[in-house]
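Residue numbers (our numbering), protein chains in the order written: chain A, 1 to 339; chain B, 1 to 339.
In short, the hints are calculated from the structure, not lab data.
Check before you lean on any hint, since a few could be wrong.
In silico DSS-like cross-links for lysine-lysine, where the CA-CA straight-line distance does not exceed 25 angstroms [said to hold, decoys possible]:
#1 A:K6 to B:K69
#2 B:K3 to A:K2
#3 B:K2 to A:K3
#4 A:K3 to B:K3
#5 A:K2 to B:K2
#6 A:K221 to A:K248
#7 A:K26 to A:K271
#8 B:K221 to B:K3
Read off the chains here:
There are 2 protein chains.
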Amino acid sequence: MKKLGKYTYIFENAPVILSGAGSVGKTEGEGPLAYEFDFINENDGIGSATWEKAEASLVRQAVTLAIDKAGLHPSEIDVAFAGDLLNQCTASTFGFRELQIPLAGLFGACSTFALALFMAALFVDGGYASHALAEASSHFCSAEKQFRMPLEYGGQRSQTAQRTVTGAGACVIGSRGSGPRIVRGSVGRITDMDVSDPANMGAAMAPAAASTIGEYLLDTKTVPEDYDLILTGDLGSVGAALLRDVLKSDYDTDLGRVYDDCGLMIFDPKKQDVHAGGSGCGCSASVFSTRILRELTAGKLRRVLFAGTGALMSPLTSLQGESIPCICHAVELTGGERR
Amino acid sequence: MKKLGKYTYIFENAPVILSGAGSVGKTEGEGPLAYEFDFINENDGIGSATWEKAEASLVRQAVTLAIDKAGLHPSEIDVAFAGDLLNQCTASTFGFRELQIPLAGLFGACSTFALALFMAALFVDGGYASHALAEASSHFCSAEKQFRMPLEYGGQRSQTAQRTVTGAGACVIGSRGSGPRIVRGSVGRITDMDVSDPANMGAAMAPAAASTIGEYLLDTKTVPEDYDLILTGDLGSVGAALLRDVLKSDYDTDLGRVYDDCGLMIFDPKKQDVHAGGSGCGCSASVFSTRILRELTAGKLRRVLFAGTGALMSPLTSLQGESIPCICHAVELTGGERR
Chain A
1 MKKLGKYTYI
11 FENAPVILSG
21 AGSVGKTEGE
31 GPLAYEFDFI
41 NENDGIGSAT
51 WEKAEASLVR
61 QAVTLAIDKA
71 GLHPSEIDVA
81 FAGDLLNQCT
91 ASTFGFRELQ
101 IPLAGLFGAC
111 STFALALFMA
121 ALFVDGGYAS
131 HALAEASSHF
141 CSAEKQFRMP
151 LEYGGQRSQT
161 AQRTVTGAGA
171 CVIGSRGSGP
181 RIVRGSVGRI
191 TDMDVSDPAN
201 MGAAMAPAAA
211 STIGEYLLDT
221 KTVPEDYDLI
231 LTGDLGSVGA
241 ALLRDVLKSD
251 YDTDLGRVYD
261 DCGLMIFDPK
271 KQDVHAGGSG
281 CGCSASVFST
291 RILRELTAGK
301 LRRVLFAGTG
311 ALMSPLTSLQ
321 GESIPCICHA
331 VELTGGERR
Chain B
1 MKKLGKYTYI
11 FENAPVILSG
21 AGSVGKTEGE
31 GPLAYEFDFI
41 NENDGIGSAT
51 WEKAEASLVR
61 QAVTLAIDKA
71 GLHPSEIDVA
81 FAGDLLNQCT
91 ASTFGFRELQ
101 IPLAGLFGAC
111 STFALALFMA
121 ALFVDGGYAS
131 HALAEASSHF
141 CSAEKQFRMP
151 LEYGGQRSQT
161 AQRTVTGAGA
171 CVIGSRGSGP
181 RIVRGSVGRI
191 TDMDVSDPAN
201 MGAAMAPAAA
211 STIGEYLLDT
221 KTVPEDYDLI
231 LTGDLGSVGA
241 ALLRDVLKSD
251 YDTDLGRVYD
261 DCGLMIFDPK
271 KQDVHAGGSG
281 CGCSASVFST
291 RILRELTAGK
301 LRRVLFAGTG
311 ALMSPLTSLQ
321 GESIPCICHA
331 VELTGGERR
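This is chain A alone, in the form it adopts within the complex (with noise of 0.2 angstroms):
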């Protein structure tokens, strides 16, 4: 058995990240990563009819350019794994539609970027794909419309609610070649601590993203010194304090200052109003894919321990009275090695 404790598998052969791409919206490109990006289109409208087709458009992007900085050709990609918080993902669909890439969509919300790398990972570690990707998104107005109200209607928003990112994030991962490597991960377990305010995500998911964090430090008996970064997805700033504490509540353990959120990163709230910070699956998307990447492959950080939670719920399960389920996917990364 490929795997260490209870929850954490081992990826023997140590697959590598050949290339990531991100493609954002405008608001992702006026913030602090404005020049990681490597597309930021100009109005989140994207030239589409509709935003639901605009998101797809962020998917062709991201994943057409990944596949060209791999030196790829499509037809080279033996599997995806992506997914989006659209209804019946299709973000995804219609972004991959004409692709002719095999694809698995998942559903994890904003876990979807770190489970579709912890699956290419897998699939390439264990000999069925040379070359696979992960890709996930979001954007702010198509959630808006879904999970929300309609932007005309200017709803005031809680200070404990987050944006969603406008944007896509794509990695093609290989069995040979140089850059980061992914050798170990983890798939989740629903954690539901009863949170059940649809505007504050960042609590509903804090107690997932310490079950799999801390989960992961006891089977690979590490602790969080032992990292460069330690990274979630899009806990915002609620959430991540309430990492802190439950980690420390709960397994005794202190994150110091290894500790950092994408949904912290991707924009400035002191100069954007963005409330508790970014999310959607497009944030950890777009910013792994292209500033931690980026670190990565430069040796600026030589180990990661990468951890996306998701929301599970549906805007008609926190009608019906229902709780928020939560789900954390991980992935720890390697970097600075040399071919």
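Go by the hints and put chain B onto chain A.
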């Protein structure tokens, strides 16, 4: 590379299906497979306050029964692959919420169960899991409400429309033990032949089935007569006839007498008002996990190609004038083995 031809994966270690369970609703329990199902709910409410909660109950029934039949405890399942058609796949999430099984959410519309079997088999084959679970579900009432009209509206349905199966099916796959084996599989590509009528999913999905089955036969250098059964998930009467036509014209292949469809098996169209047959993720999941698994185990079926198709649109994409992109994933099974 554990691959054959363009798209076919080889599972050298031939993972075993240790158990399967199917739980269905009242109408399914009045159909020709009534005596096959493990659990027939007296009414489709399943003691739940909403149709969505009822579908989650179906998930729990099938999953816990399949694990129990395998003589296992939920904690012994290394990973589960599950999905459904509800927005944000909430039947799976709420069905699995209390089980504490590592959960990788899938989205493939009605192809989900075939994709879940593929994934579970690959994880076991590659040595990443000792026991993996595959599950999918659907519910007539939650699907009608979400995709079509409220039941109370009493709308007339087109003769090409299918009836969404109220049911869930689950299988436990293991590395050791006796039972039918999953020996090969294929991840599908999106096929879109510009069919845009959501009341005729069979026509939309047939070309995807033809592509996956046709390429599979080419990759494996087999012909339909090599199989005891080539089984699709829910093409229904319209789609099944079209599949025969498209395979004939595009691949010069005649399915002959080995072909059947779960959507044509689960209801009796003469006695039950189901139009073109059954559909939904739960259709193939419940039929495969009971009737098909039993016949494979008994050796009545010795070689089966199971190809599940999914229509990847949403009500919104249809309203936005999009056609219906479809996909088809497949697994090949061998039966009749003794310990």
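Each hint tested on the structure:
1. A:K6 to B:K69: holds (23 angstroms)
2. B:K3 to A:K2: holds (21 angstroms)
3. B:K2 to A:K3: Roughly 21 angstroms between the alpha carbons, so the hint for K2 (chain B) and K3 (chain A) holds.
4. A:K3 to B:K3: holds (24 angstroms)
5. A:K2 to B:K2: holds (17 angstroms)
6. A:K221 to A:K248: At roughly 16 angstroms apart (the allowed maximum being 25 angstroms), K248 (chain A) and K221 (chain A) satisfy the hint.
7. A:K26 to A:K271: Roughly 14 angstroms separates the two Cα atoms, so the pair holds.
8. B:K221 to B:K3: holds (14 angstroms)
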